[in-house]
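When you get a sec, could you build the whole thing from the sequences and use the hints?
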Amino acid sequence: MFTKRLLTVLLVSVLFILAVAPAAAQEGGNLRWSLEGINDLVSLDPAKASDSQGFTVIGLLYGGLVRLDGDLNVIPELAESWTVSEDGLVYTFTLREGAAFSDGSAVTASDVVWSLTHALDPATGGWTGPFYLSNIAGANEVASGGTSELSGAVAVDDRTVQITILQPSAYFLSQLTFGSAKIVSSKQATTDAQWENNPLSSGPFQLKEWNHGQGIVLVPNPGYYQKSPLASITMPFIQDSETAYQLYRTGQLDIMGSQQNGIPSVHVAEAEGQADFRSTSLFAVRYVAFNNKLAPFDNADVRRAFALALDKQTLANDVLAGTVVAADRILPLGIPASELPVTSLSFDPAAAKAALVAAGVTPETIGTVKLTYGVEGDNERVVTVLQAMWKESLGIDVTLEPLELSTFSARLNETTQTPETGLQMYYSVWGADYPDPQNFLSQQLRTDVGNNNGHYSNTEFDALVDQADVLTGDVATRLGLYNQAEQIAVSEVGWLPLFNPRLNILVNPKVVGVVFNGQGLIIPDFAALNVSA
Amino acid sequence: MAGKTQARDRSLWMTYWLRLRSNRASVVSLIGLILLVGLAAFGPLIYTKSAITPDYKAINAQPLAAHWFGTDNLGRDTLARLLLGLRVSLIVAFYVEGLNILLGATLGLLAGYFGGILDVLVTRLADMLFAFPGLLLAILVAASFGAAVTDRFGGIGRLLLVAGSLSLVSWPLMARLVRSQVLVLREQEFVVASRSLGASDAWIIVRHILPNVAGLIAVSSTLDVAGVVVNESVLSLLGLGIQPPDPSIGKMIVDSMPFLEANPLQVFLPSAALMLIVLTVSFLGDGLRDVFDPRSLP
Amino acid sequence: MGNVILRRFVSLPFVIFSITFITFWVGFLAPGDPILSMMGGRNDQATYERLRHLYGLDQTWNDQYFRYLGGLLRGDLGLSFRYQGRPVVEIVSGGIPVSVSLGAVALVLSLSIGVPVGIWAALWQNTTAERLSMAAMLMLYSIPSFVLIPIFRWVNYQFYARGWPSLPVAGWGQPEHWIMPVLVLAAASVGYIARLTRVSMLEVLKQDYLRTAYAKGLGQNRILWVHAFRNAVLPIITVVGPSVAFLVTGAFVVENIFAIPGIGFLSVQAIQQRDYPVIQSTTVILAAAVVLMNLITDLLYSLLDPRIRVEG
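Residue numbers (our numbering), protein chains in the order written: chain Z, 1 to 533; chain B, 1 to 298; chain D, 1 to 312.
Think of the hints as simulated: they come from the structure by calculation, not from any bench.
Keep in mind that the hints are not guaranteed to be accurate.
[Unchecked claim] Under the rule of at most 30 Å between Cα atoms (straight-line distance), these lysine-lysine pairs were calculated in the DSBU-like manner: (1) Z:Lys510 <-> Z:Lys208; (2) Z:Lys510 <-> Z:Lys227; (3) Z:Lys208 <-> Z:Lys227; (4) B:Lys57 <-> Z:Lys391; (5) Z:Lys187 <-> Z:Lys227; (6) Z:Lys370 <-> B:Lys49; (7) Z:Lys293 <-> Z:Lys391; (8) Z:Lys227 <-> Z:Lys293; (9) Z:Lys391 <-> B:Lys49; (10) Z:Lys391 <-> Z:Lys370; (11) Z:Lys353 <-> Z:Lys293; (12) Z:Lys391 <-> Z:Lys353; (13) Z:Lys370 <-> Z:Lys353; (14) B:Lys57 <-> Z:Lys208; (15) Z:Lys370 <-> B:Lys57; (16) Z:Lys187 <-> Z:Lys208; (17) B:Lys49 <-> Z:Lys353.
Structure follows, in structure tokens:
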């Protein structure tokens, strides 16, 4: 759950953008940019990083073939161009001329192939590669340890890479922007066992210092095609976001809150309206999911009753004081297909009671149900409100089961494996890995996919998303299919969506060249990133 | 000396009572503590406003006629929560300190008095448990038995289960404190003299050792009360404390901390309740120390 | 006395062995594992199983335990699950000096305030001044650190906002970074130490041999320091000895909020993320430190009061 939220911020698309007009660049500034919620980085190996703080740093240290721009379009990075075959299965990338690692050596096609293979290699010990790169031909064979040759990635010559994928995909290039597809120096990685502590950089910055438990310092990489005028970036690790806020307030930071731990909600009101306040809605949805294999939630009418009984507006606006946006559907606003309408189950206590009658149950026959959640952030406040609302609208007693986070993950996994002994219903969150409805619908609610912990199943839904997943040319038809699927999942309450979180951060107005959107803080052009005097 | 009668026993307790009564601070503390316990026991019966029903239109409200002490961050009545929270926190504090004394003081006393292999075993076990990650044990216990205990005894049952499992590994400090005192006592002239007169170990422990370590036990365990109340709230941060929506004093402080600047009263009230518990219990502990002191005057 | 020291060192491996065994079992039985914790909510069963295999988590408990024990005997504490590829020795050894020095400074501060106040309180027992100062100490003691810190910070911010000299909010490395954490840590223990000193002084002041000393006509100062304090100090060093363990595990809130790279927060985090090698290692190191400190404490007992025989 934790990582879900972390990743939320990472690969999501734009809701609205607060662009900063490029100002006259000043030489030699130091950008102080905190990494909250951690006390150290997990690893500087892109294949091993697993949280949004880590990927923020990975994005500065390493380049990929492609990356996202300020509008979350896929743009060239170390690949200057690419072509796609007619059947949509073969991508041929041409590397940028002169692209170099921080020691001056050239970034070559074999570095790309090595990096992709490394991310999939089970001996690496990361999990993001097998998850995000599984569409590359031969990826599963490498990931399962069968071979160390990634058949789908070929270095044609020094500057040409050919990648073959298994299924045509509208989001394959988006997947390549992820950390696990970043390019590391194969020469260094194969000769220096300690390389990840002092990696050569293919991105806009290189590592100067890594003080474990305290922070890192980065300086520009002269080999990168966009030269930042900054002298350095100092990134302290600040576990507690209240502390980061206090540091910012006393002039010790230029950017705070940019990963997932934004301004503490009690300070939002005082920060709002100031020049350094930035706010965005995230491409994430917090929801309640049900165990569809256990009574009473194997009955869609019971799930509907639980959905109709919730006053999400009050939850979002009064309880959470507008720090979130109430959600009546699965796709967060801004994800493709979210602009198409769905008929949602809005708060209606009378209809909720009617749905219970339709299901042929009463609060007495249902008895007490248990809502399980991991203890973190605002979770407890939210579920306490849900409990009170269900009691008031339906007369059903819900007990709350708080679990320590690792125990919660284990119980969720158990619910997937053996639903009979699993959770009855649970409070959870999903954040987009890449801005595509497939990530919210096919990967979450299709029958028997790994993330479908609650075992929601509808054959019509399955057919619609299966058809949409492989459609590449006709965008409108594809999104239409997802829209129909979403309508089914909303009406049958595959998930009970509650709200989309917002992220509020502080950026010193002197910082130029950054864009804040649903993905977090993006730097569209590193040559324009600076701190003005 | 050996042939003590019932009448003499009664007069001993009477002496204790007279000594306690003569100490003004102790009397005030005793009355205060009885009031607190009374509030915890009967308060929720008299002040019947719900401690768990949210009022979304009165979130973080200031005190007014409808809510005497204002409301918390979900619009729940603070006075009702304080009364209920006081009940939970007092139960946990007495329970944990009871276990602590039962395990720690007993083992420490026996180890210090008898020495030898018993002392070696107890001190080695204590050494080990000082470093033991008790949190891990609490997680395991909560996960293994938590659900079953909650179903049978409610949220307070699970809390007592978790707190009890932590007591199993947190007694060593008390044991070492008592042991250190007993090591001194058993070499004192009056103990040595008693022993040479043929007094049994049990008699020496009850008559000479226990009265002399009772003060230390009273002071140390009453001091721990603050720690217990606060630690329970830290446990709740990991999903191991009192189960929502029920309150405890510590949890009320933790829950209101993020809103400190918006509504400081909600931090102040439970903090003041915690201080009251600590002050009354500690001064009573002091009083009891004096009472049990064999050499203090009536 | 040499005998005692020798026997303690012989018993050390048994203590270490027992604690690794118990910690291992509890960790093995506790739900959740580092892989699930790392993967968050993503459910990719094949990758999950492969990673469990890679980290040896699919082995039987005795294979896992004896592999760990074998490493421990060679002085190899293994690799962290969370901080992938980094040796636990490196992670833990970075944090220990920080936690220990911070805790030691806080301890010295609270001793140097708590002990004199405690003695004073014992001598002026039952006076109003004594009652008030003890009440103040108790109140300070009963404020949780997570409440005290925001109060400190609020005061500090008022200084900052007026352009007066102020302290850094958080961080580590400069001398001024120590002030607030040390004050917060000391605030929690000074009341405890003062009250403990007071009660043991009272205990000792009433002993017969002090009355004898009075009767012999020894000067009050001499009685106080030579006889009374020497015996009253026992409970205090008893508390100080094993407090190395509490300095580490108890400081996690302070380390967390002040962004201090100690092992208090690290060890709590390791438990939450089921980073078994780190949990085991901090436990082993703490156990060794506690055994050592308790040995020193016991030796001090005999030194302060030669009549005390320490076993073991």
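| said: Checking one constraint from the list: CA of Lys370 of chain Z to CA of Lys353 of chain Z, max 30 Å. Satisfied? | reply: 19 Å, holds
| When you check the alpha-carbon spacing of Lys353 of chain Z and Lys293 of chain Z, does it fall within 30 Å? | 22 Å, holds
| Quick one, are Lys49 of chain B and Lys353 of chain Z close enough, alpha carbons at most 30 Å? | 27 Å, holds
| Between Lys370 of chain Z and Lys57 of chain B, does the CA-CA distance stay at or below 30 Å? | 27 Å, holds
| query | Are the Cα atoms of Lys391 of chain Z and Lys370 of chain Z separated by 30 Å or less? | reply | 13 Å, holds
| Pairwise hint evaluation, Lys227 of chain Z against Lys187 of chain Z, where the allowed Cα distance is 30 Å at most | At roughly 24 Å apart (the allowed maximum being 30 Å), Lys227 of chain Z and Lys187 of chain Z satisfy the hint.
| query | Between Lys510 of chain Z and Lys208 of chain Z, is the straight-line Cα distance small enough, at 30 Å or below? | reply | Roughly 24 Å separates the two Cα atoms, so the pair holds.
| field | Agreement of Lys57 of chain B and Lys208 of chain Z with the hint, judged by alpha carbon distance not exceeding 30 Å | value | Violated, at roughly 53 Å.
| task | Given the hint that Lys227 of chain Z pairs with Lys293 of chain Z, test it: the Cα-Cα distance must not exceed 30 Å. | result | 56 Å, violated
| query | Would the pair Lys391 of chain Z and Lys353 of chain Z pass a check requiring their Cα atoms to be no farther apart than 30 Å? | reply | 12 Å, holds
| request: Take the C-alpha atoms of Lys57 of chain B and Lys391 of chain Z, compute the straight-line distance between them, and say whether it is at most 30 Å. | output: Answer holds: Lys57 of chain B to Lys391 of chain Z is near 18 Å, not above 30 Å.
| query | Does Lys208 of chain Z pair with Lys227 of chain Z here, judged by a C-alpha cut-off of 30 Å? | reply | Cα-Cα ~16 Å, so holds.
Consistency note: the structure conflicts with the earlier hints numbered 8 and 14.
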